[in-house]
Structure formats: structure tokens, C-alpha cells
Amino acid sequence: MTPPSSIASVIPKGGNLRIRRVWNSVMLVLLVLGSIVVVSPLIAVLGAVLVNGLATINWAFLTQEFRPVTEGGGGVWHAIVGTLLMNLLALLIGGLLGFAGGVLLSEYPDHPINPYLRTISDLLNGLPALLKGLVIYAIIVLPTGMFSGYAGALALAIILTPIVLRATEGVLQLVPWSVREAGLALGLPRWRVIISLVIPAATAGVVTGLMLGFARAAGEAAPLYFTAGGSQFLNFNLGQQTESLALTIFKYANEPSVLRQEQAWGAALILTIMVLIASLLARWATRKYN
Amino acid sequence: MASQPPPIGARQSPLYRAFGDRIFLAALLLFGLIVIGIVILMGWQLAAGGSQAFAQFGLLGFLGGVTWDPVADIYGAWPFIIGTLITSLAAIVLAFFPAIAVAIYAVEYAPRWLGSILQYALELLAALPSVIYGLWGLLVLAPILRSQQQSIVTWALENQQDWLLAILGPPIGFGMTTAVIVLAVMVIPYAASLAKDSIALVPGAQREAAYALGATKWEVIKNAVLPYAKGGILAGIILGFTRALGETMAVVMVIGNNNNLPFTLFGSATTIPASIINEFGEAMDLKLSALLALGFVLFIMSGLMNLLAAWIVKRMSVEGRL
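Protein sequences appear in the order of chains L and G.
Quick note on this note's numbering: the first sequence kicks off at 7 and runs consecutively.
Quick note on this note's numbering: the second sequence kicks off at 21 and runs consecutively.
Accuracy of the hints is not assured; some may be wrong.
Said to hold, decoys possible - Each pair of labels, with its calculated beta carbon distance range: (1) G/Ile54 <-> L/Met152: 17 to 27 Å; (2) G/Phe300 <-> L/Glu261: 35 to 45 Å; (3) L/Pro262 <-> G/Ser167: 17 to 27 Å; (4) G/Leu281 <-> L/Met152: 43 to 53 Å; (5) L/Ser46 <-> G/Leu221: 23 to 33 Å; (6) L/Leu190 <-> G/Ala46: 38 to 48 Å.
Rather than coming from a laboratory, the hints here were simulated on the basis of the structure.
Beta carbons: idealized from backbone N, C-alpha and C, even for Gly.
In isolation and in its complexed conformation, chain L is listed as follows:
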């Protein structure tokens, strides 16, 4: 790109080496300061979540449902169940869509639809999660007239899909073509080669994609606001309004009651741990794969 001549013209000739050395050190100090500026909010946020969350979390908080503040406030069990159920369903739907799309991109690289699919999938990944909830609201909640866990799961599935898709594509491409050729040489049809040879070789990578998707979807509150609607009751039926931890944090944080704010920190710690476990699993699976 930049030809060497332009570099030579920028670097001053002759003396002033001392000034350049000083400048060199000044920039290093600035870079270190900038890095500290980046890392310190992470420590501040994680520290606040850990300290305040640990002060709140106990067995009752984890296992009780919602109760009014006057009755001790209860816990977030209903929200944990709701979060897990909706994300499980979302993982099924979004996982299937994203996985299939990823297989298409990786195993049929010349298919005419691929450039569009790749662009659109990245676009979908970049679009605000809020809009994904809003569109499910418009096509499902509004016509049926009710919030439901299913609608919430669908919104989360849309968030998951592009993440799983690109992760699947990336990991399938790491499987060497000779594996496919070996299968084809045995007379296996292409679909059998993909299902029996390519995908098993990339399982860990697919798990990574799913975990990354879960880590993202589990923390989303905005799309669920329009779809799952939130709830104060424990239910295992996604046909009803469903609570999620992220929604709980949002609602409790804005309440004037100190108890509720403490509970928001507690819920935040649980959610953070969930997200951390998912991203650690994703990391671990990738490392194993490599």
C-alpha cells in the first residue's frame, strides 16, 4: 500500500533523535493510559455487580418467586426459569436457521444466493435488537392480542440466527476439503458427506456458535419488552406472559424501593454469571477444536 518513499519523506532527516525518542515514550505512555481507560470501566462495572450482587443473593432469592416489597420482595426464580425456557426455544429455532444457513454458505460456496445471504445475515446481526422485538410485536403480539413467551423466544431466535450462521460457516470452512473428497470418492452423496463427515468434525465449533448466540440473547431486555411482556408468576408454559432476568433488572432498577434496586443487582449478578459461563464455554470449545 504505502510505498517506502512516502515513509522516508515523513521521517525527519538528520539530528533531533532525542526529540523523537521523547515523543516515542510520550506516545507509549498515552497508549498505556488509553488501555487503562478501556479496562477500568470493565472493572468498575463487574466490581459493582459482584459486590452488590453477592450482598443480595441467597438461597431464597434464587428459589422464590416474585413477592411484594412488603412481604420481603421474594426472589427471581420465575425470571431464571423464563430466561432459560425462552432461550432454549430460541436456540432451537435460531440454531436451526443459522446452522442451515452456515452449511449453505460453507458447503455450497458457489451458490448464487450466498453473497446475499452473507450480507443480509451480517446486516441482521447489526440491526438493533429492539427492532427484532418490534417486528415480532407487529406480526404476532398485535394480531393475537397477547404477550407470550413464544413471541419472546421468536424475537431472541432472530437475534441468535446470524451469530450462529457466521460461526457455523467459519468453523465448517476449517474442515479440509480432502475430508469431503474422501467421502465423495467412496460414492457417498454430497448430503451424506456433509452430515456424516463435515459436521461431526466441526461439532465443537457449532457449539461455540450456539453459546455465543446464547450469551447475546440471554442479556437482551428490549426485544422481550414488546414480546414476552414480563410476568410476576412462575410458569413453565411459554404460551403465557414470561419474565426474563434482563427484564427484571430493567424494571427493578427503576423502582424507588431500595430493596428492589438491591434485587436488580442480584439479578444482574446471576445474568452476568450466565453470560460468562456461555462465553467461557464458547472459548473452551474453540480452543479444544483448534
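The hints should help you fit chain G onto chain L, whose structure is shown.
Below, chain G alone, put in the same frame as chain L:
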């Protein structure tokens, strides 16, 4: 589609001939088309839902309208659009130097162990849910900023700086400044990781050539590395900006939600996502349509910026690889 020749002495089900491959590909295509369909459906539904508001006020009337008055049933999007643009731009400006600095430091200076710690820190920053940033902004950052803002405003009052007071606005701790700081923290990992990747892609020979000319380490970075990586850095900045545009929960919790222009530095303001969440509760008919129309505006803004970033990354990779 390259079909395989049928196996010799075929005895299997037809699935083991070209027929099976065709079904398999058709299934994959169906799922792929669903993914594409989702995005088209999003745009269509938001536009259709917002059509009532667009028809009522006219496209330009809605976009440029400064009044948002649910009581009078008048809805204009301008305060939200301008609030979104100002907070996102300010956030990315604030995030720019730290993001570039951490990217350069992680690739060029840090020993391997520190580099991977920084990498992991960036991943964590990106992975933390936005409600948690919102919670922190609301309960930790806002009270701190409020006391800082109060002392600044008190100083301005004592010194009769009326023009300054008009810019600063009420020091309540919930508003533009708090939202921008929270947003900046949230977009740094996006800008930094793309910048980091593209700096890491700069060939070693490029650096060695500059060293051979007698450049100091910083001069190597400034003159040989950064110009080479500028496409990726730019794409990261745009992606960070896009992320800030659509950020919802963290903003709605700290920005104070006020749609009366003009916005002030410390005073409360609003953005498109924040207002959609905030006004949604009691929305019916025309108001609901106006909110969906706001969603459509956000869809277009965010979509265009995403495509722009993707285009820059693509152009960079074509030129940058060799």
C-alpha cells in the same frame, strides 16, 4: 449444482442419488431464504406499521416535526433523530482514542500474556448485557456525575456565566452526558476489536522496512502500520457508531427521556430506541403507528451504516490482503 454420478450397482434408496442432494440443498435454501426474508419482513412490517403516521404528517413532516405531543396526537420525529445522532456521535468521538490506543498497545507493545488479557477484557466488555451497563449507569455513575455537574453549575452560577448555564442545563445526573459516557464504554470493544484485527493483519515486512529506515517504534506505527490499517479502523468506528444508534436499555435508563428541544449538555434528552421503550406502554392507534415509524427510521439509519461498514471491510480486505 454439480451432481455426483450415481453409484455403481445402485441399490440404495433414491436419496443416495442426485435426488437426495436436491432435497438437501432445497432444505438449506429454504432456511437461507427465511433468514433473508426476516430482514425484508422487518423493514416491511415497520414501514407498514408506521404508514399511518407517515400518511398523517407526510414523510418530511414526520421526520422534521419537532413536536411530540400524545395529548394533541401530534407526532414528530426530529427530537429523537437528533438525540440519537448526537449521543451516538459523541459516544464514538469519546471512544475513538481509547479504542485505537488499546488496539495499538495490544498488538504492538503488549507481551503475549497481557495481549490476551486485553483481548479477553474486550470480549467481556462486548458480552456484558446492556441492561447491566444501564443498571451501573443509573445507580453508580449517575449519582457521581450529578455531584460533579452540580459543582460545575454552582461555579457557573457564582460567576454569572449565563451562556454557560444555558449550555449546561440542569445538573440532574440523568441526561446526555451520562448516556454518552455509558454508550462510549459500550462501543469501545466494537471499534477496538476491528482496529486490533486490522493492525494485526499489517505484514511484518511493512514494519521492518520502516525500522530499516531508522524510524522509532512510534514512527513505525504512525507511518507504516496505521495507514495500512486505516480501513479496518474506520470500519470499526462505523460499527461502533451503528451499535450506539440502536442501543436501547442502557440509554433509556440513564438519559432522562425528555423530548423537548433544545437538548443541553447535562440535561435530559432522548433517542429513538429510548423513546420507543418509554412511550410504548400506553401506545395505541396513531401513537403506536408513530412509534413503529420511528422504528422504521432507525431500521434505515442502522441498516445503511451497517452496509457502509461491511463495504469498507470488504474493500479493505481486497486491497489489504496482498
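> Is the hinted range of 38 to 48 Å satisfied by the C-beta distance from L/Leu190 to G/Ala46?
Replying inline: violated, 20 Å
> For the pair L/Ser46 and G/Leu221, does the Cβ-Cβ distance stay inside 23 to 33 Å?
Replying inline: holds, 28 Å
> Does the Cβ distance between G/Ile54 and L/Met152 fall inside 17 to 27 Å?
Replying inline: holds, 25 Å
> Regarding G/Leu281 and L/Met152, is the given constraint of 43 to 53 Å on their beta-carbon distance met?
Replying inline: Given range 43 to 53 Å: violated, Cβ gap about 37 Å.
> So the hint says 35 to 45 Å: do the beta-carbon atoms of G/Phe300 and L/Glu261 match that?
Replying inline: violated, 18 Å
> Holds or violated: 17 to 27 Å for the Cβ distance of L/Pro262 and G/Ser167?
Replying inline: holds, 20 Å
Hint compliance for this structure: hints 2, 4, 6 are not met, and every other hint is.
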